[in-house]
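Undergrad: The sequence shown begins at 2 in this note's numbering and counts up by one.
Simulated from the structure, these hints should not be mistaken for laboratory data.
There could be a bad hint or two in this list.
Stated by the list, open to error - With a cut-off of at most 27 angstroms between alpha-carbon atoms, the simulated DSS-like pairs for lysine-lysine come out as follows: (1) LYS334 <-> LYS201; (2) LYS138 <-> LYS334; (3) LYS138 <-> LYS201.
As the list claims (entries may be wrong) - Quick list of simulated restraints, FRET-style, between CB atoms: (4) GLY44 <-> VAL270: 45 to 53 angstroms; (5) THR363 <-> LEU329: 29 to 37 angstroms; (6) CYS358 <-> LEU314: 19 to 27 angstroms; (7) GLY263 <-> LEU333: 36 to 44 angstroms; (8) LEU333 <-> VAL270: 32 to 40 angstroms; (9) SER370 <-> ARG253: 50 to 58 angstroms; (10) CYS358 <-> PRO275: 33 to 41 angstroms.
Just so you know, even glycine gets a beta-carbon here, dropped at the ideal spot from N, CA and C.
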Amino acid sequence: MSTTHAQPDEPRRWAMFIVLLVGTFLPPLDFFIVNVALPSIQGELGTSSSAEQLVISSYAAFYAVTLITGGRLGDLYGRGRMFFLGLVGFTGASLLCGFAWSPWALIAGRILQGLTAAVMAPQALASIQVIFPESEKPLALSLYGAMFGLASVIGQALGGILISLNLFGLGWRAIFLVNLPIALLVILFGLPLLKETRAKHAAKLDPGGMLLSLLTLSLLIVPLIEGRAFGWPWWVWLSFIAVPLLANLFWRYETRLSQRGGTPLIDPVVFRMPGLGRGLMVALMFYSIGVFFLLFSVYLQGALHKSALSAGLVFLPFGTGLLLGPLLTAFLKRFVGNYVNPIGMGLETLGLIGMACLILNTTIGASPSAVPLTLLLFVIGFGQGLGLPTLMRMLTGRVAPAFSGMIAGIASSTLQISTALSVAVIGGIFYTLLGDSNSAANITHAFLVSILCIAFCLALGAGLAIKLARQSADMSAFKEQAVR
Numbered sequence: 002m003s004t005t006h007a008q009p010d011e012p013r014r015w016a017m018f019i020v021l022l023v024g025t026f027l028p029p030l031d032f033f034i035v036n037v038a039l040p041s042i043q044g045e046l047g048t049s050s051s052a053e054q055l056v057i058s059s060y061a062a063f064y065a066v067t068l069i070t071g072g073r074l075g076d077l078y079g080r081g082r083m084f085f086l087g088l089v090g091f092t093g094a095s096l097l098c099g100f101a102w103s104p105w106a107l108i109a110g111r112i113l114q115g116l117t118a119a120v121m122a123p124q125a126l127a128s129i130q131v132i133f134p135e136s137e138k139p140l141a142l143s144l145y146g147a148m149f150g151l152a153s154v155i156g157q158a159l160g161g162i163l164i165s166l167n168l169f170g171l172g173w174r175a176i177f178l179v180n181l182p183i184a185l186l187v188i189l190f191g192l193p194l195l196k197e198t199r200a201k202h203a204a205k206l207d208p209g210g211m212l213l214s215l216l217t218l219s220l221l222i223v224p225l226i227e228g229r230a231f232g233w234p235w236w237v238w239l240s241f242i243a244v245p246l247l248a249n250l251f252w253r254y255e256t257r258l259s260q261r262g263g264t265p266l267i268d269p270v271v272f273r274m275p276g277l278g279r280g281l282m283v284a285l286m287f288y289s290i291g292v293f294f295l296l297f298s299v300y301l302q303g304a305l306h307k308s309a310l311s312a313g314l315v316f317l318p319f320g321t322g323l324l325l326g327p328l329l330t331a332f333l334k335r336f337v338g339n340y341v342n343p344i345g346m347g348l349e350t351l352g353l354i355g356m357a358c359l360i361l362n363t364t365i366g367a368s369p370s371a372v373p374l375t376l377l378l379f380v381i382g383f384g385q386g387l388g389l390p391t392l393m394r395m396l397t398g399r400v401a402p403a404f405s406g407m408i409a410g411i412a413s414s415t416l417q418i419s420t421a422l423s424v425a426v427i428g429g430i431f432y433t434l435l436g437d438s439n440s441a442a443n444i445t446h447a448f449l450v451s452i453l454c455i456a457f458c459l460a461l462g463a464g465l466a467i468k469l470a471r472q473s474a475d476m477s478a479f480k481e482q483a484v485r
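Required output: the full structure, derived from the provided sequences and hints.
TA: Below, the structure written as C-alpha cells:
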C-alpha cells in the first residue's frame, strides 16, 4: 500500500469507496442477521434468555466504546491499513461465532466482532472527506447513510434464508460464516486498489479513557442482564454501586488529560456547548428500538410459530422504510425545518402503539392482519430513517467545527450504548414478565408491554428533540436579525 495522501481527483475514488463501504455494511448486517437466528441458536446451544441478550448487547457495547478509538487508529496509522486489519479481525471473530461450541464462546466471538468492527467501520466516513471533491461528497455521504437501511433489509431476510437452506448442515452458523467469502473477495480486490490516507494532525490514543469507559459500561450492562438469571446476588448490587464511582473517575481522568494538553476520548470542553447534553439524551433514547428486533423475532417464532425464513421476511417493510427515510429528509426539511428528527421519532412511537393495538385485537397465537402490520412496520422503519441522519446533524451542528468529528464519534457511541441498554433493560422486562412459561399468551403479553416501553422512550426522545429544534430555530432567527 502507498503511504501518500489520496488527492481529491483520485481517478479510482469510487472503486475505493465501494471497497470501504463493506466496512460500513458488515457491522449493521451482523446486528440484524443474528436476531432472527436466536431461537435456532437457543435450540442447539441451549442458551438462556440472559445469554441471548448478551449476544446482542455485548456486540453493541464493545462496538460503542471502541468506535472513537477506531477512528483515531485510522488517522494515526492509515485508514486503509486499519480497514484491512479490522476486516481480518472481524472475519476471525465471525469464524469463532460460526464454530461456537457453547453460549459463552459465541458471546466471546460477538465481543471480538464488536471490537474489530469498530476499527473497520469509521474508515469509510473518514476517507470520504479525503478522496472526494466537494461536488461529489453529498452523493458519497448519501450512499454511506443508506448502507444502514440496506443492511437491515438484507440482514433479517438473509438470516432467515440461510437458516432455511441449512447449507452443508450448518444451520444458524451460516449467518456468521457468510462473512468469510465476502471478506476474501474484498481483500483480493481491495488490497491492490485501496490507497492509503491518514490525518495530517491526528489525535493521539486515549487507552486509559477507553479502558475506564469499557469497565463502566460492562459493570452496568452485564449485571442488568445476568442479575435476573442469578436472583440478584450481592455482586450485582456491588457492580451497580461501582458504576457511578467509575464514571466519576473516568470524567476526572478525561478532564485532567484535557488540561495537560492531551487528547481525551471525550473532551469535557464540548459539553459546555448549549443543548448538547439534551441532544445526547435524544441519542440515548433513539436506539431504544434496538431490542425490538430481538423481541419481535421471539414473538414471531415463539408465539406465532413462524419459521426463521418467514420471520425474516416479515421485517422487510421495516428495512424498506429505513432505507427510504434518509433519501427524503432533505425534501421534508424544506417544509418542517429542524423538526424532521422529532417527526421521525414520533412516527416510530405511533407505529409501535399501533402495533400494540393490532396485536391486542388479534387472537392469541394467530398472525396479525398482514396489510396493517406491513404498514406499521414501514412507518416505524421510515421514522427511524428520517430521524437518524437529522440527529447526527443536529448534534454536530451545535459545536465548533474543530469538535464536530469528536461529537460525531460520541453520538455514534451513544447510539450503540442505547442499543445495549435497551436490550439489557427492556429485554429484562420482557423476560421477567415471560418467566418460565413460553406459552403464546405469555410471550404476547410480555411483547406488548415491551414495545410500549420502547414507545415511551421514543416519545420522551421526541419531546427533547422538539425543544432542541425550537432552540435551533431561535438561534437561526437571531443570526438573521444580527446580519440585517
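Undergrad: Now, for every hint given, state plainly whether the structure supports it.
TA: Status of each hint after checking the structure:
1. LYS334 <-> LYS201: violated, 35 angstroms
2. LYS138 <-> LYS334: Holds. LYS138 to LYS334 sits at ~19 angstroms (cutoff 27 angstroms).
3. LYS138 <-> LYS201: holds, 20 angstroms
4. GLY44 <-> VAL270: 45 to 53 angstroms: holds, 51 angstroms
5. THR363 <-> LEU329: 29 to 37 angstroms: Given about 31 angstroms between the Cβ atoms, the range holds.
6. CYS358 <-> LEU314: 19 to 27 angstroms: holds, 23 angstroms
7. GLY263 <-> LEU333: 36 to 44 angstroms: holds, 42 angstroms
8. LEU333 <-> VAL270: 32 to 40 angstroms: Since the Cβ atoms of LEU333 and VAL270 sit about 34 angstroms apart, the hinted range of 32 to 40 angstroms holds.
9. SER370 <-> ARG253: 50 to 58 angstroms: holds, 55 angstroms
10. CYS358 <-> PRO275: 33 to 41 angstroms: Hint holds: Cβ distance 39 angstroms, inside 33 to 41 angstroms.
Against the hints set out earlier in the document, a violation occurs for number 1 only.
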